[in-house]
Every structure is written in C-alpha cells, then in structure tokens.
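Kindly generate the complete structure, drawing on both the sequences and the hints.
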Amino acid sequence: MTVTTGVPTLIPGRRGAALPFVVGAALVVVMAVLPLLNISIPGILPGATYTPGTLALLSLCMVFAALALSYNLLLGTSGMLSFGHALYFGAGAYGLGLALKLVGVPLWPGVLIALVGGLAIAAFTGAISMRVSGIPFAMVTLAFAQAGSVLVRRNQDVTGGEEGLRLPVDQIPAWLVGVSNTRNLYWVTLVVLVIVYLVVLWVDRSRLGHLAQATRENELRVQVLGLRPYAAKLLVFVAAALCASLAGIAYMLLQSGTQPSAVGADLTITVLVMVVLGGVGFRWGAIVGGVLYTILDQRLTVLARAEWIRDLPDVLRIPLSEPLFLLGVLFILVVMFLPGGIAGTIDAAVRRRRGERTRSQLRQIDDADDAVAEPAAVRA
Amino acid sequence: MSAPILTVSHLSASIAGQQVVEDVSFQVPATGITAVLGRNGVGKTSTIRGILGLISRRGEVTLAGERIDTLPTYRIVQRGVGYVPEDREVFAALTVAENLALAERDKKPRREFVAELFPDLVARRAQLAGTLSGGQQQMVSVARALLNENRILLVDEPTKGLAPKIVGEVAQALQEAAKIVPILLVEQNLDVVRRLADDAIVIAGGRVVHTGKAREILDDDALTTRLLGVSAEAHA
Amino acid sequence: MSSIVLILLTGVGLGALYFLVASGLSLIYGLMHVLNFAHGAFLTLSAFIGWQVAQALGTASWGSFVVSILVGALVGAVFATLTELVLIRPLYERHIEQVLVTVGLSFAAVALFEGIWGTDAVNIAGPAWLKETTEILGARIPNTYWVLMLAAALVLVALVLFLKKTRYGMIIRAGVENRSMVTALGIDVRRSFTLVFAIGGAAAGIGGVLAMHYTTFVSAHLGATLLIFAFIVTVIGGLGSLTGAAIASVLVAVLQQFANVYLSGTGDFIVVVLLAVVLLVRPTGLMGRKA
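Chains as they are written, first to last, in this note's numbering: chain E, 101 to 480; chain W, -8 to 227; chain Z, 11 to 301.
These aren't lab readings, by the way, just hints derived from the structure by calculation.
Note that the structure is a prediction, hence the values are computed from the model and not measured.
We treat Cβ as the ideally placed atom computed from N, Cα and C, and that holds for glycine.
Check each hint, because a few of them may be wrong.
[Stated by the list, open to error] Only some residues are given here: those of chain E computed to face chain Z with a beta carbon under 8 Å:
id: 1; residue: LEU136
id: 2; residue: ILE139
id: 3; residue: ILE141
id: 4; residue: TRP208
id: 5; residue: LEU212
id: 6; residue: LEU215
id: 7; residue: ILE235
id: 8; residue: PHE244
id: 9; residue: GLN246
id: 10; residue: LEU251
id: 11; residue: GLU262
id: 12; residue: GLY278
id: 13; residue: VAL279
id: 14; residue: ILE432
id: 15; residue: LEU438
id: 16; residue: ARG463
[As the list claims (entries may be wrong)] With a straight-line Cα cutoff of 27 Å, these simulated DSSO-like cross-link-like pairs (lysine-lysine) come out:
id: 17; chain 1: Z; residue 1: LYS141; chain 2: W; residue 2: LYS99
id: 18; chain 1: Z; residue 1: LYS174; chain 2: W; residue 2: LYS98
id: 19; chain 1: W; residue 1: LYS151; chain 2: Z; residue 2: LYS141
Spelled out as structure tokens, the structure:
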C-alpha cells in the first residue's frame, strides 16, 4: 500500500526526491527575509510585510501550522483521532508562564520546564488513552482535555482562571518583548516551525514512523508479526504532544499571555479542521491548513464588519458575520466531497495522471477500523 | 436440465483493501445441494459474503436470470436469498422467537414447516438466544433461512464445532430443506458433504479449480488429498 | 445525614439530565458506530426554541412549560433527522468522516446560534415552583431535580417499551449487536439509522429544555459541556447499552456531587478520574460487550 509522504514527487528518481528539500529550504529563506521586505497583499495581509501587525499574523499562522503538523503526526501518520491534543499545547503555554511566575527562572530554563511538563502529561494521558482505540480513544482524549480546561479555569490564583495567565515579562530577554520586537518573535516562531517540521519528518521517515503507519493500516497484522503497536503508537503520541507543547510555548511568547481556551476541546477541533482542510497525511497539507485557517479566520472577522454585510437581510447577514460558521460549513463540504483536503486532492490528481490508484487517508483509517470489526473475515 | 438458479462470473472480493477472492466463476443448479470445498483460508466464506455484498466485490452474480451484484445486501436477500452464516450469528440479546420474527419477510412465513423441523426451538421460544447451546443456535440460524420462500440458501459451515450427534441433526434438517429450495453449502466435514451434496465446487487460492459430482470427487482419493489436503477415507 | 440525602437526590437528578443526553448518544453509537458531536447542537437549539415558545405562552404557567418540552423534543427530532439524512447517510460506512461531519456541524451550529441569539447567556424563567425547594429528611432539594427525574424516568420507560415491543425496536436491538447480519436478513438498516437519530434528538431536545431550567439560563454553549459529560457517561456505561448509560449516568452524577461537596468542588475532575479508572479496568465499559 503506498504510503504518502510530503510533497508529491513530481519528478521521479533521485532528482525528484531532492525536490521537496530544495523547495522547503527555499521557502524557509523567503519566510526569513519577509520582515525586511515591503510586500503588500491587500485583502489578505493587514499591512505590508514589515509591519508588526502583519508579522504578528504571520507568526500566529506559523504557530498554528506547527500545531497542525504535530496533529497530523497523530491523525495522518498513526491514524489516531484525538480530541484532546490542545491539552499539550496549553501545557506548553501555561507551563512556560507558570515556570516563570512560580519558579522565577529566566526564559530558557522555563522553556525546558514547560517541555518536560508537557512530556510528563503526555506520557501519562497517552498511556491511559491507548487502552482503547478508535472512537473510544477519541472520547477519552476529549475527557482529559476537558479536565485540563477545568483545572485551569478553577485555579484562579495560580493560573489566572478565566482571565488567563500573563507572561511575566521581566524574565524574558528584552529583544523578545514589545511591539517593536515583533520581528524577532516572528523569527523565533519560524525557527519553532522548522524544528517541528524536522521532528515530524524524522519520525515519519524513521522505523518508528513506518511501524506507526503499518499499525494505522492493519493493527492485527502488526501484532501478528510480533511487533508492538502499543509502544510505537505511544512514542508517536508523545512526540506529537512535545511538538504541540513547543508550539504552545511559541504561542505564549507571541501573545504575552494565554487563556483557558488554549487547553480545551474547542482548540483541538480547530486544529482538526486545519488538518482536514489541508489534507490528512500530508505534512505540507498541515502547514497549508494551519496558515489558511488562521488567515481566513482573521479576514472573515474583518469582513463581518464590512458595510455591505451590515445592509444585508438577517437571513444572509447572520451566517456571513460568523467566521466560524463559514469555516464549519467549509469543513463539512471538504469532508463530504473532498476528503483528501487540499493536499490530498492535488496529490490524487498527480497520481491519477500517472495511473496510480489513490485512496484518501481518511478512507484508509475507515478501512482499518473495518478490519478490526471483521477479524473472522480477515482470517478467512 | 433446467437453468441454474445462481450464476457467478469472475467474482473478486476484498476486505479492507486486501484481496481475498481472486476470480471465481461457477453455476448452482436449481435443485439439490451444491457443496463448496477447499482448505482453510482459500476464500470460501468470502465468496459467499461477496455474493451477498457483505464485503466489497466485483464481477457478475445472477439470480434466476436477474443481476444482483449491483444491489445492496438487503435487496439481494429480499430477492430470495437465505443466509446461514459461519458462526451462526444469532442475536444473543433477543429471544428465539424474536430471532425468528426478525427474519420473517413473506406475508405468510412458513412457521409450521419450521416448527415441525425444529420442535426444540418451539419449546425454547422465550429463551434468550445467547443462552442456547451451539447446536441449538445453529438450528435457529437454519430456521431463519427457511421461514421465507427463498430461491436459494447460502449455508456456511453449519456443522462447525458441533458434536457428532448434532451434526447429524443439522444434516437431517438441511436434507429436508433441500427438498424445497436449492442450497449452496460450504462445508469442511466431508462425511456431511458425502451425505448431502449432489454437486461440488472446489476452490483453491481464491479461484475455482475443479467442479463435478460430489461423489466422484470424494471417491477420488488422490484428487481429494491434492485439493483439500485430507484423505476422504481417513475422515470416516 | 441530610447532606448525604442531598448529595444522593441531587446526584440522581443530575444523572437524569445526563441520561437524557447520553441515551441518544449510546443508541446512535451502538447501532451506527458514529460519535455524534452534533448532539449538543440539537440540545441547544431545542432549548432556544423551547424558550421562545415558553415566552410566547407565558413563562409562569405549567402548560407552557410542558408545551416547551414537547416543542423541544420535536425540534430535536427534526434537527437530528435532517442531520442524518443530509450529512450522515451519504457517508454510509465511512465512520471517521461521519464523526468529522458531526464535528463540523457542531462547530458551525454554535457559531450560528451566537449570531442569532448573541454570545451572552439569557436568563430564563419558568413556573414558580421550580425555584422552590422540597424538604426530604432534612435536605432541601430544589424542585428542578424532581422534574428531571420524572422526565428521565418517562423517557427511559418509553425507550425500553419501544425497544422491547416494536419491530423497529427489535431491529435496533439486533443491529446494535450485529448490524451486517440484520442486513443479511433482508432489512434496510438505514431506516433504523434515521429513526435512532430522531429518537436521540428528541431525548436530547427534552434534555436541552430541562437543562435550561436547571442552569436557569440558555446560551449557545449550553450543549457543549453537557455533551462532554454525556460522552463520558456513554463510555463508562458501555457504548450501545441503554442500561449501561442509565447506570453510569447516576453513578457519575452522584460521584460528581459527592466530590463537589466533600472534596472542595473537584466534581468535574473526579469524573475524568473515574473514566480513566474504568478504562484501565474494563475498557468496554460497565455493560459494554467484550470486543
């Protein structure tokens, strides 16, 4: 069964395999240079590329792209549908804030503490959640995220409750604080995105990744072969959670604060929407999904305040002024008619031109579930 | 010789993307019992499930002249296909009576016929099917298929895991049933095959490798050993 | 003693609310293997419309209270039926996509509700008796709990009668056990799917209207937290088991009340711990079928 990697190999052979790296490297260079340029894309970017407003938006896009990448590692590579991934994102964000506030350490030790905390929570919740798989697994992860959300909301004095936790700026190096330093924060998030991408790439390409993919397709078979799917899935789960925590740390730095919504199921569902829109199972799809969603959300919110929308009759005005409604409908349409998402649809088109059979990642996960349900038939 | 009741042409089937039936073609006569033979895992059950559309399949299947391979399972069954699955698959949480009632499709189901054939089930009407013995569950499963006027019965390993005495009873019931409806019977127990089957189809590697009269195949020791891996005599 | 009585009775009352929401989820999952995220949206819409109806008829009267509940049930059933026909049925057998589509629906629905009715919670009022309490063995029980218990009991009885005495009920009971065999008996299960969604939607609708009176407000997010508890209850009780959902509802709610009173408000947290424990010890849930 063909395993989809990142960019579809448009050129077969050695040169084709190198293409994704060349393209990726070029993109990173372009992104790194953007803050120094004066490019305006009206309608999409709020200002020119050197303005703090635009840089903040692009940084947010990259944070969510990193989060989407980490989620794709779970859903795309391992076929695990988790509704609690945001827990680890929030753990990174709150972890950094609490480490700085309570323990009083400077930035870098704080980052380390936050990552270790995220790791511990991930190992614990992952081990328990993986007692079940499929839909029960999804529900358990949901419950854990809910517990985290409740924990954060209730402990006013520690976490700031509903108001959220401010980042104690005294312990942050000066070059990362303030609107004038948005450029530096932009570069930091770019570095985070690159790190997360490399980690995800490494896991995908490693034996661990291949084992997880094989497990996604046919868990029984992996077990019969004497391999241990549980251990592989747990490791991938923890790796994905660590990446999410890192993204959370970047988020905390960027926003100078975090709030309970960074922990709950709502954010995980948002990430799920990003990954499905971009294309489940494709790294570049996850990035595209994260960026597209963030920009769409911003732009649709601005659009909602436009004059001509205000003048529409209620029946049209109300749906159009709710960005999440439009995104939700878009999501439904994609799931029903384009289950491969953006990346999947493009990839399928490329493959079909080459005469290969295609099957979207989501269908593969469905099939694996069916195989679990009909073990007798599989045996025959 | 009248037209075959069921014609299968180049049937292939897969489960979760895995090919389990390669290319199977055969015909089932309109009377009597046709046995499907083969070693474990060659695709006998998958062929039956493919005919019924329970697993994803390609190829042509014709029932009494009508194409049924394009129909969903419930419509195929409604056209007159009775199914007695491997492992019985009675509904454990329902009573015997409910299991039978669920299976009734015709306006006048053959309740007396079934009651005569399976008096034990009548006595156990109110018993939960999950508490029945294997043999009794098998009777429920066969009874279900006999309630309606079906054009063919697809019966999959009905004697699997049953004690010899019960095997005899099941064989008896099938023999009675065969008087009113043709049966396609997957069976590993060669004694039962010898007792019941008129014709036989042998499957290996997901394909049909031999067809003919059941007696002739079973009497040919070399053939049986080669195709089925067991000696028909040693099976006594 | 009176606090024990309080915990027990309010626990059962809260459990009744959980059951109203979880019963539909459990049946839908049991028969269709679909985790219906949109269940919360059914609940919320029923609450909003029930509230509009009650306001039109006069909120203080019992008549309008009952009518609003019936309207809630109807709205829930209709919304659920439409969801099944338009979104779920076309994705037949594609379970992950079906779950995703319900996620998308809940996402879009909540945003739409916020657009229509605003983001703030709306305080609601009902018959005066609901605000009062009744004294049982020294404990003062708010009367909303009695209504919840009565409603849940009625719904449970109705569901059990439906499942045991009607042909569709029999089909659903068989389908929860073995759906493909039901199709192999010549039965079109898709009709049962729509029916199960409708029933679940109706129960959720009743739950929504009553939840609104229980919390004394209605908002676009009313369904969300309740849904998570309903999910937890369904998993603990065993997916597909109505009795399991009933038992788990009461168990979870009583435990939650107990923890809230004696363990300084950690009720929500304790429920998740219970879920973890159940999953470690018995992954298929209390009454779930062993896989």
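Here is how each hint holds up against the structure:
1. LEU136: violated, 38 Å
2. ILE139: The hint is violated - ILE139 of chain E has no Cβ within 8 Å of chain Z, the shortest such distance being about 32 Å.
3. ILE141: violated, 26 Å
4. TRP208: It is violated, given that the least Cβ distance between TRP208 of chain E and chain Z is near 32 Å, above 8 Å.
5. LEU212: Status violated, d = 27 Å.
6. LEU215: violated, 24 Å
7. ILE235: Cβ of ILE235 of chain E sits 5 Å from chain Z, so the hint holds.
8. PHE244: holds, 7 Å
9. GLN246: Status holds, d = 5 Å.
10. LEU251: holds, 7 Å
11. GLU262: violated, 13 Å
12. GLY278: violated, 32 Å
13. VAL279: Hint violated; VAL279 of chain E Cβ to chain Z Cβ min 29 Å, cut 8 Å.
14. ILE432: With Cβ-Cβ at 4 Å, under 8 Å, it holds.
15. LEU438: violated, 11 Å
16. ARG463: Constraint on ARG463 of chain E satisfied, holds at 7 Å.
17. Z:LYS141 <-> W:LYS99: Judged against 27 Å, a Cα distance of about 58 Å means the pair is violated.
18. Z:LYS174 <-> W:LYS98: Holds, at roughly 22 Å.
19. W:LYS151 <-> Z:LYS141: Between LYS151 of chain W and LYS141 of chain Z the Cα gap is close to 65 Å, so the pair fails against 27 Å, i.e. violated.
Hint violations for this structure: numbers 1, 2, 3, 4, 5, 6, 11, 12, 13, 15, 17, 19, all remaining hints satisfied.
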